[in-house]
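So the sequence lines, in the order shown, correspond to chains A and B.
Per the working numbering, residue 1 is the first one in the first sequence, and the count goes up by one each step.
Per the working numbering, residue 1 is the first one in the second sequence, and the count goes up by one each step.
Hints listed in this document are in silico derivations from the structure and should not be mistaken for laboratory results.
Quick caveat, the model's predicted, so the values are computed rather than measured.
A few of these clues could be false.
Unchecked claim - Across the chosen pairs, the derived CB separations fall in these ranges:
{"hint": "1", "chain 1": "A", "residue 1": "ASN209", "chain 2": "B", "residue 2": "GLN81", "range": "35 to 45 angstroms"}
{"hint": "2", "chain 1": "B", "residue 1": "THR12", "chain 2": "A", "residue 2": "GLU189", "range": "24 to 34 angstroms"}
{"hint": "3", "chain 1": "A", "residue 1": "GLY128", "chain 2": "B", "residue 2": "ARG24", "range": "19 to 29 angstroms"}
{"hint": "4", "chain 1": "A", "residue 1": "GLN95", "chain 2": "B", "residue 2": "ARG24", "range": "27 to 37 angstroms"}
Virtual Cβ for every residue (Gly too), placed ideally from N, Cα, C.
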Amino acid sequence: MISLAISSQKGGVGKTTLSLNLACSLARRGWKVLLVDADPQGSIGMSLTEEASRHPGLYELTSQGRALKELAFETRIESLQILTSGQIDPAHYFQWYQDAERQSTFDPLFEQAAGEGFSIVICDTACGVHGPSMGILRSVQSVVIPQQAEPLAGRSLGFYLEVLNQLSAQGSAFSILGVVITMLSFDSEDSQIMATEVREVMPFNLVLNTMIPRDVLFLKASRKGLPVEFLYKQKPAAAEVFDQLAKELELRLGLKSSQEEEGEQTPLLVGP
Amino acid sequence: MSKPLYSLDRETAHRLLTRHGLARNLDPSGSPVAAIPEEGAGLMPPPPPRPLGEKSEGEERSLWQEKNLELSKELEKSRQQVAEREEKVQVLEKANGHLEQQLDGLGKNLQEAGKEIQSLKEELAGRRVEIETLKRAAEQSQKEKGQGGKLEAELELWKERCQLEKKERETIAGKLIELDQELTATKVQLEEAKRTAAQAGDAELMARLRQQLQTGRDLVARAGQDHDKLLAERAGLKKKIEELELELFKSKEALKQAVMAVHQARSGAG
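Construct the entire structure; sequences and hints are all you get.
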């Protein structure tokens, strides 16, 4: 099983959009995916339905010993399940927040996910490295960093790498799988300069080729509580970028999707 | 225009990503060509799931990190101790530097005093010659008996010279007393520095200080020897001056007699 955190120092860079749509794409490509909302604000749950935002989830699993099987939502995509952040008890919030910095808090989550046969666990985290975001980073194997293609976001990248270094120095075993440029605006020179600068500064193969554009469809999908691919009957082009990203990440993870397997390759035309 | 990523540059990014293995899929040489992924090759094979109950790599690194942290703390403590000792050494070195300067000054003074004494000796030798000349002149005048006025004038000149000589002798004696006092003060300061070092209680520091004190002692001993030598020279000179005074007295007596003889001769003639 592969565990993956979507994490960044800055908020509002598209972590939840990336997590949700990437999870859908990977599930569509044949992997059994568990999407975990490790943001105490409950971003994933809130971005879907009101019911999801009120459902027990990660908090109940980690603090009350509830089973993943009974907490995870099934979705329209058969191989995708979602574990929301849960209903955090305000009276125990600070204690849980502190406990959640430890790797051991999330051991039951990953053990049960492996037991349930999930191939990939994607964790959407809150910005920064503290509380459950820290615990998740200490538990996962890989981290994907969304890097917003806007000037302000770029300035926090150096600091964030320093922080991740500290965490790594303390014994965390994760590695950075890649940096994804998000919210790239093709109309803005500043946005493109930032994307170019990130590519120039970061080592060659660390920045993923796929870039997530700034698109009104994401806002629309967010308002409707849907992954982009479910907005219209026909999958919109904006959703394709996540398929492309999923394919790129599969390569990095050494996975081979069933979609990549060779088919029968019989002729297209079967007769008049 | 400021850099879009502020202080983050290629080198920093590479260092951050490789220091603790944050980016394991990077080519160690940093060469982008070597790092191009091959289709299907997989840049980072996922690590196998950790068996329950077994220490993870992370936990082992955490233990190692704790040990590392303890060592860092000890190192920091040692650094502080070293810094404190360095500070003490600097204070003592400063004090010793001051003493050495004083000793240097003392040495120079002694040297100058030696020169002055030498020049005085030369002057005294010159005067001795003059006395001899005067003696000869007195004898001559006694013989010539008509030249008493000239001898009187020479006698006055001699008196003035004797007074000058006395003053100079007093000056030398005063300088020697000053040197004595300086030597005593230096010895007191050295003792004080020794006590300070003993209070610092640092063996290494004491060893260094002992060496410096020994140097100081040697200088003092040398100064003492010079002092003794000067005293001996002074005694010698005093003796010579006494001898000269005796000779002078004799010469004066001879002159008096000569003058008397001249007067008698004049009155006899009158």
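Find the hints from earlier in the document that the structure breaks and name them by number, from lowest to highest. 1
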